[in-house]
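Here the protein sequences come in this chain order: A and B.
Heads up: the first sequence begins at 1 in full-length UniProt numbering, then just goes up one per residue.
Heads up: the second sequence begins at 1 in full-length UniProt numbering, then just goes up one per residue.
Quick caveat, the hints were computed from the structure, so don't treat them as lab data.
Be aware that one or more of the hints could be misleading.
Stated by the list, open to error - In silico SDA-like cross-links for lysine to any residue, where the CA-CA straight-line distance does not exceed 20 Å:
1. A:K121 - B:I223
2. B:K156 - A:Y301
3. A:K437 - A:T268
4. A:K466 - A:Q235
5. A:K381 - A:C275
6. B:K140 - A:H86
7. B:K126 - B:P153
8. A:K381 - B:V171
9. B:K136 - A:F119
10. B:K140 - A:E107
11. B:K198 - B:F159
12. A:K331 - B:I189
13. A:K381 - B:Q166
14. B:K140 - B:A203
15. B:K198 - B:F151
Stated by the list, open to error - Here are the simulated distance ranges between beta carbons:
16. A:L400 - B:E214: 43 to 53 Å
17. B:F159 - A:G443: 32 to 42 Å
18. B:P153 - A:D343: 37 to 47 Å
Think of the CB as a built atom: it goes at the ideal place given N, C-alpha and C, for glycine as much as any other residue.
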Amino acid sequence: MLKETFSLNHLSFRFPDDQKATLKGISFSISKGEKVVISGPSGCGKSTLLYLLNRLYPDNCDGSVDGEVLLFGKPATDYAPGEINHRVATVFQDPDSQFCMPTVEDELAFTLENLQIPFDKMEARITAVLELTGLTHLRHTIIQSLSGGTKQRVATACALIMEPEVLLLDEPLSHLDPYTAKQFVEWLTDLQLKTQLTIVAVEHRLDSWGKFFEREIQLDENGCLVNDHLFSPKQPILFPERSISLQPKTALQVENLSVTIKNKQLLTPLSFSVCRGEIVVVAGPNGSGKSTLVKSLCDIYKPTTGTIQSDGTGYVPQSPEYLFLTQTVQKEVAYSGSSNPTDIASLMTRLRLDEICEDHPFAISHGQKRRVAIAAMLADKRPVLLMDEPTSGQDKAALLELFELIDQRSKEGTTFLIVTHDMEFAASIADSVLLIKDGELTGKFDAKDVWNNEELLESHHLLTPKGVDRFAESFA
Amino acid sequence: MRNLLHNMNPSVKFIAVTISMLTIAFFFNPWTPLLFFVSILLLQLTMSHINWKLWLLFMLPFSIGAFGYLWTTVVFGADTGGTIIWSFAGINVTDEQWAHALSLSFRVMAFSSLSLMFAFTTDPVKFILSLMQQLKLSPKLAYGVMVGYQFLPVMKDEFTQIQQAQRLRGVEVEKRSWQRIVSMRRVLIPMLAGAVRKAERSAFAMEARGFTGEPRNAYYRPILLSRTDVLMSGVFLIILLTSCFGGIWLN
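Just chain A, with the same shape it has in the complex:
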C-alpha cells in the first residue's frame, strides 16, 4: 500500500470572526507522488484548505479546527512551528509578494538559512536547484526586475531547494498571461517527471493545465466536498454568444497619437477610430505599450503629438479601489456632480448597485467594486470606457458576470476598449482587435479575422483561443 502523505478526517474549519464554518466535514487522503487539484468557486475555502496542509493555519488566524489532519501519518498539532515546512513547500498566487531578498541567489540562500543548512553545503544546493529548474542564468538577477512568469519560477525554485516531499501551489497561474502560463505548466510537467514530487494545487481555471493533474477534489461554495474523482482535461469557459451592437457613429477618433516620456518614445504615431457601442480588445506582449495607449487616451499621459476626439473617456484600473474617494457607493457614483439625481438613480438600478448604495466602497466584493467604478465613469459622462486587465485572477462566475456587464453596457451605447490577456474572453466579446507591438500599432482588425491567423497571433505573444471553431462557425 502506498504511504499516505496527507489524510483528512471529517475536517471542519471556522475563522474566529465568522458564524459559519468555512470548511465542513472534509475527508480525503493523498498518497505519495499524486498530482491533485482542488477546485471550486472563489471564496469556497480552497486556499484555507491548502494552508491547513502546510500548517499556516490555524496558528496564524486563531481559527478552530474540528476533525483530524494527519500530515505524514502524524497529527498536524504535534509538529513544531516551521518543522512541517521543510517537507511541504508552497508557491503562492501573487508573484510580487513572495520575496524578501534582492537577488535570486540571496532568496534561495534565505531559504537554506531558515533550514539551518551548514555554510559549506549551501553553494552546492543552490547550483543544483538552479540547474534543475533551468534558472542558472538568472542567479544574480534582481528579482523585482523579472516578469511575473519568471518570478513564479523563482518561487518554485525556492520551494524546491528545501528538497520537499510535497509541493503546494496556490493558484500559481492567476497573474500570468496565457502564453506564460502555458510555458509554466510545461516546465512544471518536466520538473515533476524528474523529481516525482507530490503536487497539490488550488486552481479555478483548469483549462490552462491540460492533462497535468491526475485527480480532482471539488468543493462547493459552502465548503463541502462534492466530488473526488479522476481528473479530465477541462473545456474553457463557454461564454454566451452575443450579437454585435455597433452603431454607425464615431465615438473615438485618434489621429497620429504618439507619446514620448523622458526622451523615450513609448508609442509611435498611430491612428484609428472606434464606433459607438463597439467593443475593442487591445492585445500584445507585455511592455508593448498597451497601458500607455489606454492611459494617453484618457488623458493621464499627455500625448506628445496627435489628437484624440471623443465624447469623454473613462478609465477602470485593474484595482477599481484606486478610483474611490468617498465613504458610500451612492456618494461615489455621484461624486463628480455632472449627472442629475434621476440619471444617477437609473444608472444605479441598471448596474444593480441600489442594494449596496449605503455600503463602503472598500468593503464590497471585487465584481461590485468594478460595477461601482463603471457607474462612476458613466455618471461622469464618459461613454468610452477603457478597462485595464479586468480579467486577471477572476474565476468563472466572475468572468461570466464581467461578460454580461460589458455586453449590456455596449447595447446601451457605451464603447469599450479592453486590455486583456485572456484569449477566450477576448474572442467571445471583441468586435475588433487592436494589436500592439513595441509601441507600434500593427493595425485594427476585425475580430473574426484575427483568431484563426496563428502567425499574426504568435508574433504578438498570443495564443489561439481554445474553442475557436465555435467562433469561426458563429461568424460564418
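Given the structure of chain A, go ahead and fit chain B onto it with the hints provided.
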C-alpha cells in the same frame, strides 16, 4: 584605497559614527566641529567614490539650516557679555555670541556630513545583514525591514497609479502645499489597504519557507570583520582625537 569606506563592515562603521557624534556633542568650541567636518570631507574625497552632485543636493538643506542657526544666534541670541567685535543696524555682535553661532552651525555641518557619509557609502541590505550578524539584531526584525525595503519601489508605483486614477475622477491638484498634504490621505487609504494585504502574503510566504524568526546557525553571505575595519576604526579615532584636541588648542 577608494573602496575603503565602502568595504568597511557596516556595523563597525555605524558604531564609529555613533561614538563620533556623541563625543563631538560635548565640545562647545567652534573649531572641533569645523575640523571634524573638514576631515570627513577629506576622508570621503580620498577613500570613497560617491556621486558628489547628489551629495551636494542632499547637503543643501543642511547648509541652509546651518546658516539659519548662525543668523538667529547672532541676531537674536541672548546677551552674554564679551567685547563687541562689530555692530550694524543697531545690532551689536560680541565675540562670545559669534563663537556660539559658529559652533552651532559647524556642528550642524559636522553631523550632517557624517550621516551622509554613512548613507552614501553603505549598502542598506548589507547593513541589515551586518546588524543581524555582528550586533545580534533579531532576524524577525531584520527580515521585516528587508521586506519593507523590497516593497518601496512597488509602493511608489502604486502611489502614482492611484494619484493618476483619482485625478481622472476630477480630484483637483491642490495649489497650496499644506492642502496637498491633507489631500494625500485619499491616496494613502487605498495604498495602505493594499499594503496590509501584501504584508500578510509576504509573511505567509516566509513562514512557508521555514522562517520562524529563530537565530540562524550559518549565513550564506557572512559579513566579516577584516583588517580594513581595524584600520578604518583607527582612522576614525585619529580624526576624532585630532578635532577634539585641535579644537581645544585652537580655542
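>> Checking one constraint from the list: CA of B:K140 to CA of B:A203, max 20 Å. Satisfied?
In response: holds (10 Å)
>> Please verify whether A:K121 and B:I223 have alpha carbons no more than 20 Å apart.
In response: holds (18 Å)
> Under the criterion that the straight-line Cα-Cα distance not exceed 20 Å, is the pair B:K136, A:F119 satisfied?
Replying inline: At roughly 18 Å apart (the allowed maximum being 20 Å), A:F119 and B:K136 satisfy the hint.
>> Hinted pair, alpha-carbon criterion (20 Å max): A:K466, A:Q235. Please report holds or violated.
In response: holds (8 Å)
> Taking 20 Å as the top limit, are the C-alpha atoms of B:K126 and B:P153 close enough?
Replying inline: holds (18 Å)
> Within a Cα-Cα threshold of 20 Å, do A:K381 and A:C275 meet the stated pairing?
Replying inline: Measuring from Cα to Cα gives roughly 17 Å; hence the hint holds.
> Taking only the CA atoms, is the gap from B:K140 to A:E107 under or equal to 20 Å?
Replying inline: Within the cut-off at roughly 16 Å; holds.
> Within 20 Å, alpha carbon to alpha carbon, are B:K198 and B:F159?
Replying inline: The given pair, whose Cα atoms are some 15 Å apart, holds under the 20 Å limit.
>> Hinted pair, alpha-carbon criterion (20 Å max): A:K331, B:I189. Please report holds or violated.
In response: With Cα atoms ~17 Å apart, A:K331 and B:I189 stay inside 20 Å; holds.
> Between B:P153 and A:D343, does the beta-carbon spacing fit 37 to 47 Å?
Replying inline: holds (42 Å)
> Within 32 to 42 Å or not, the Cβ separation of B:F159 and A:G443?
Replying inline: Distance hint for B:F159, A:G443 holds at roughly 36 Å.
>> Against the 20 Å threshold, does the CA-CA distance of A:K381 and B:V171 hold or violate the hint?
In response: holds (16 Å)
The earlier numbered hints are all upheld by this structure, with none contradicted.
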